[in-house]
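Q: What follows is each chain in one-letter form.
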Amino acid sequence: MSVPAPGQKWEVCTETRKELRILHLEDSSTDAELVKRQLREAGPRWIVRRAATREAFVSELEEFHPDVVLADYSLPDFDGLSAIRQVRQKDPDLPVIVVTGVLGDEAAVTLIRAGANDYLLKDRLAGLPLAVERAVQQAEQSRARKRAEAELQDLNAELEERIATRTAELEQLRAYDAEVGLRIQRSLLFSAPPTVSGLQIAALTAPSQRIDGDFYIFLPYPDHTLDFAVGDVMGKGIPAALLAAALKSQFHKALTHMTMVSERGTLPDPQDIVMLAHAQLVRELIELESFASLCYVRLDLDRQTVAMVDCGHTGMLHWHAAARRCEILHGNGLPLGIREGEIFEPMSVPFASGDLLLFFSDGITEARDKAGEFFGAERLMQHVQSNSALEPGLLVESIHQAVMAFTNTARLPDDLTSVCLRIGQPQARERDAVNVRSDLRELRAVREFVRQFCAARLTSEPTMEFVDSLELAVNEGASNIMRHAYLGRPNQWIRLEAEAGPDSVAVHLKHLGRSFVPPESPKVPDGTWDVGFGTYIMARSVDQVRYHRDDLGRNCVSLVKFLKSRKEVDSNGIADR
Amino acid sequence: MELPIDKTGDVAAVTVPVDELDASNAPELKRDIVPVLQANTKVVLDLSRVRFMDSSGLGAMLSCLRQLNARKGELKLCGMTRQVRSAFELVRLHRIFDIYADRAEAVRALQSPPACPS
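Protein chains in written order, with this note's numbering: chain A, 1 to 577; chain B, 1 to 118.
Take the hints with a grain of salt, since some may be wrong.
Incomplete in silico selection of chain B near chain A, CB under 7 angstroms [unchecked claim]:
id : residue
1  : Glu-2
2  : Leu-3
3  : Ala-23
4  : Ser-48
5  : His-94
Computed footprint of chain A on chain B; a stretch qualifies when at least three of its residues, placed anywhere within it, have a C-beta under 8 angstroms from a C-beta of chain A [as the list claims (entries may be wrong)]:
id : segment
6  : 51-60
7  : 82-93
Worth flagging that the hints you see were computed from the coordinates, not collected in a lab.
Owing to the predicted nature of the structure, the values given are computational and were not obtained by experimental measurement.
Backbone N, C-alpha and C fix where the C-beta goes; we use that ideal spot for every residue, glycine too.
So that you can see chain B by itself, here it is in the shape it has in the complex (with noise of 0.2 angstroms):
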């Protein structure tokens, strides 16, 4: 799976780039974003593409948060659409997230020292 990058300063924003992550492509997602998850320690994952996402494509974004505060990184999730945010308070994964309505609020608040999640 092709992942557009777009760094800015040390903050790797990555469009996730399908309009459906469920269990025939998420496998697809966690293996092709693990370089990603090695480079760099500020990611952020724009899902604005996503209009829908199953419990693989949520245990692909819980993958790469796991991956992330391993290594003492950061994980930003951002341009959810509606559905995908309520499979996401279905099963209560917001608490766990943090979620910013669009990529340039997610960006800002993984280069100044961390903010509130909106």
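If we strip away everything but chain A, and leave its shape as in the complex, we get (with noise of 0.2 angstroms):
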């Protein structure tokens, strides 16, 4: 017969039931005598045997490996107490039976305690048998039972790893979708606003944890005309963003299809833009149960008129410079994809230099405070108010912050988004371009493009300095491109277009090539390098550098030298304007 390891189960079989193993503590052979008769007389299932002393009972306890272990209470050097503990060491599940001469109660609850299984008296030994059959399967329960919750705490413990596992696949898919929704928004949804002279220009969106469809579009006309459109698509994240991108694109669309079809040199009406966008997608719309609120603007700069169409938006703060008094004014259409058919009706203003517009997204007059309460419009007016004689960037800037403050919470609940315009001089602008080739040797007409504009364009006379300097920089840009951004292909082209208002020069430097952003602050140089001179010259030389994408998506390099300068070349030298 073959003895299981430790812990293995014996095979319990109705037909050929294995023997039991006893170990036997008993000093008097004739009591061992007597228990061994009385097991064989109950049947030949056992393998008895019997140590005598501690030392002979621990060695058996580990080599003979028995099933049930049998006690005497008391042994000259051992007890039955001793001899429990010393098993429960060993395996808490090894039955142990007391078998001694007499026992009282106390000490009876005492060896339950140590955890004998059962206790039998001498003189009546013929319940043994059972007894041992008992003891064994109940130890044989107990191990079941003990390896069933061990398997089941193997299984939980698997259980609560892969909620892990998947919680963190969710939490980083989570992260993932509001990057993805994040540069949605960044790139198709908000783009750089233009430039329009005679209008100064800034927007601002702070997004908030989950991204909003906040969107805005920049339309501008050459002949001082610009048309926008801020908008907002219910719901969040990336849904809400993909269908602001597909609305922008279907205003996009109307608007392309519109001027197509309208008279040579005509606009098409704001409100047939809004409309033919609004029949394109009304039906999606409806089907994805969303909608959109959005106002679509024509600022006309040379009537100064406004001509808005407000479908269910917050409307248009505008800041009289005159009166030095704020309103809003609001339409009465209806949000985008609520009913076929909608008829939006256009409003028009007038509005004067100096005049401030403000659009905004519903996240900043709804932004609450811990009580509850909404930052609302008279606080927005109120605080453009004040803040009026702020350029329109740090404008926008300041509503931010104030509403930050307002709420005292770093998560947003929803995107605030303004944009604002500021009014300037109306003012004739003076326009030329050219398309050169980004060949090196293109760098000189770049250079007798610059000063021929700068000779017949400019009302007043400039100095030579001024045209000096810009005909520097212009040259550095370009040729910055044609290294950088086409990487010295020389077939590739770069549109130059200049504009002169009464006091300053714009030059616009247009390509399709790599997108290179110049160093944040060029470093002073000091002798020890003698490339990556462009850039630093470039801000040395005109009062603004601006890169950005055009309403086309072409890179662009705009620089801006005023006539007077309104920067002393100081040691840092770095136009900020």
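Using the hints, put the two standalone chains together into the complex.
A: What follows is the structure, encoded as structure tokens:
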């Protein structure tokens, strides 16, 4: 017969049941014989080994691998209690039955507490076989239960681990979603405001935890007219962002179509653009159970009027420079995607030089403080009123800060989007443009263009220094584009657009090469390096250097120089205007 | 690029033979002047023909200066037009170069024991 390893289960089979191994701790050979006989009478299923001393008991416990231990209550050098402890140390489930001469109740309780499974008096040994069977069965059950528990614990641990892994994966996905959403938002939903003479434009978006569907579009026309739209698609996350992107492209499409079919030289009406875009989108929006609020605006700088189609958006905040007062104008249109065939009515108001126009998402007015109070339109108007002297860029920044201070939280529930326009002095601009190849040998033509433009198009004659430094800056810009944006390929194109106002000249260098981002603040050359002056020279030679993408997606380096330099060239010399 | 060299004793005066030194021709100058810088330790660069110089041109000037300095040589610039002078001043290179109004003065400065640049 083979002995199973400790902890291994005995095969209990009704046909050929294996012998049970019994270790008997007993100093009296007579008593031992009595026990043996009792068991033998019950059947041949027992292998009994006797240990008479402590040493023998301990060693048999190790070597004999008993299924049951029978222990006399008191031996000269050992007792039943110590035997139980010895057994329990080795195996908590190995049954121990105390077989003894006399035993008081108190002693019996002590034995059971110490871990004895049962006890029998020596004068009642008839019950021994049954007691042994029962103890073995209980031990087996206990072992099985423990195994099941252990398995369950393992399963639980595995499950917990899987949950943790999955949670981490989901977390990662969510982070990825947010990242993608943010990228969609940055690249598709917003774009840098265009340069429009006679207008200062700034836009700011502070994205919330999960992006919203805030978006804006700028559509500048050549003739002192700017269309733009700000909107907000219901919902959050990537679906809202995608829908906003779709909406935006629908407006482009509608505008292109309307321009194509409109009479040469006239712009399509804002109302018609909105209605066409809406007609193309409304069913999808209804089907998706979404909608979008939007404000479509056309600024006519020559006629000094703003036409607005307000589709359930927040309207337009108008600060009148002359009267020094604020008002918010609303249309009464429904949001886009509510009703098919909706007619959107335009409204038109005049504006004057110095006026501010502010468009904003409801994330601003509906930002709440700790007490649940809204930031509100009134507070926004007060803020604009008292900060009306700020340039648009600083004004939108200050609005953002005011809202953050008001809510007193780092986590915005909604995107904060604001677009601010300040109407400048009406000014006639002189314009000229030329295309040059991206060949370094064309730099001469670039410089010639600048010199000729300055000579022919400026009403007041510029100083030689003015022309020299503008020429140098434009040369550096073009050279950078040829070498870095087009990586030296000479057969690409750079478009140079120059415009002159009464007090400044701007030259825009547009290209389709790589957008290179120059270092934030060019190092002052100290003679230890001889390349990379270009960026530094540009910053020192003109009043503004701006890297951006124009409305057609071309990379653009815009250089502006004021005829009366507003910038004293100091030791840093970097224009930040 | 053909570089006219005028030797006065051990001083080599080189005329920069273009009216505009920019990214299109500065690398050429930089390359073609190397033999001159290796053959001479006292060099004058005459810029009187150059009406315009951009950052690449300035880079070529710096490259010449550095090569000569490495060989314990000396470089003087002369004949700067107004616009070129402005470009040097814009990036403060006028503090690094010895600049003389005309060639004769620059050559003299190299012949005699070093004098203070104008």
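Q: For each hint, tell me whether it holds in the structure or not.
A: Hint by hint, here is what the structure shows:
1. Glu-2: Violated. Min distance 18 angstroms.
2. Leu-3: It is violated, given that the least Cβ distance between Leu-3/B and chain A is near 19 angstroms, above 7 angstroms.
3. Ala-23: holds (4 angstroms)
4. Ser-48: Ser-48/B check fails; min Cβ-Cβ to chain A is 17 angstroms, beyond 7 angstroms.
5. His-94: violated (11 angstroms)
6. 51-60: Contact hint for the segment 51-60 of chain B vs chain A: holds, 7 residues under 8 angstroms.
7. 82-93: holds (count 8)
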